[in-house]
Amino acid sequence: MEKGMAEAEAIRIKERLDSARSLKENGVPIDLIAKSLKLTAEELQQL
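Counting from 298, one number per residue, gives the positions in the sequence shown under the numbering used here.
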């Protein structure tokens, strides 16, 4: 059961990063993306 929960969390994180990448490419400010998707600025800089 723990493995399934970990996999689901990994999928959620990937989806948030995919969304963040798209928003960043479309010119949305990093601080707004970070706040909206609950990601750190460091995570967004790596995209």
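Please keep in mind that the hints were generated in silico from the structure rather than gathered at the bench. All C-beta atoms, glycine included, are put in the ideal place defined by N, C-alpha and C. Take the hints with a grain of salt, since some may be wrong.
Unchecked claim - Listed below are the simulated DSS-like cross-link pairs for lysine-lysine, each with C-alpha atoms no more than 27 Å apart in a straight line:
(1) Lys335 - Lys311
(2) Lys321 - Lys300
(3) Lys311 - Lys321
(4) Lys300 - Lys335
(5) Lys332 - Lys311
(6) Lys300 - Lys311
(7) Lys321 - Lys332
To be verified - Each pair of labels, with its calculated beta carbon distance range:
(8) Gln342 - Glu306: 29 to 35 Å
(9) Pro326 - Gly301: 18 to 24 Å
(10) Ser319 - Glu339: 17 to 23 Å
(11) Lys300 - Glu322: 20 to 26 Å
(12) Met298 - Gln342: 15 to 21 Å
(13) Lys332 - Glu299: 27 to 33 Å
(14) Lys332 - Glu306: 18 to 24 Å
(15) Lys300 - Gly324: 23 to 29 Å
(16) Ala305 - Leu344: 19 to 25 Å
Hints, verified against the model:
| no. | hint | in the structure |
| --- | --- | --- |
| 1 | Lys335 - Lys311 | holds (13 Å) |
| 2 | Lys321 - Lys300 | violated (31 Å) |
| 3 | Lys311 - Lys321 | holds (15 Å) |
| 4 | Lys300 - Lys335 | holds (23 Å) |
| 5 | Lys332 - Lys311 | holds (17 Å) |
| 6 | Lys300 - Lys311 | holds (17 Å) |
| 7 | Lys321 - Lys332 | holds (13 Å) |
| 8 | Gln342 - Glu306: 29 to 35 Å | violated (22 Å) |
| 9 | Pro326 - Gly301: 18 to 24 Å | violated (36 Å) |
| 10 | Ser319 - Glu339: 17 to 23 Å | holds (19 Å) |
| 11 | Lys300 - Glu322: 20 to 26 Å | violated (33 Å) |
| 12 | Met298 - Gln342: 15 to 21 Å | violated (35 Å) |
| 13 | Lys332 - Glu299: 27 to 33 Å | holds (30 Å) |
| 14 | Lys332 - Glu306: 18 to 24 Å | holds (21 Å) |
| 15 | Lys300 - Gly324: 23 to 29 Å | violated (39 Å) |
| 16 | Ala305 - Leu344: 19 to 25 Å | holds (22 Å) |
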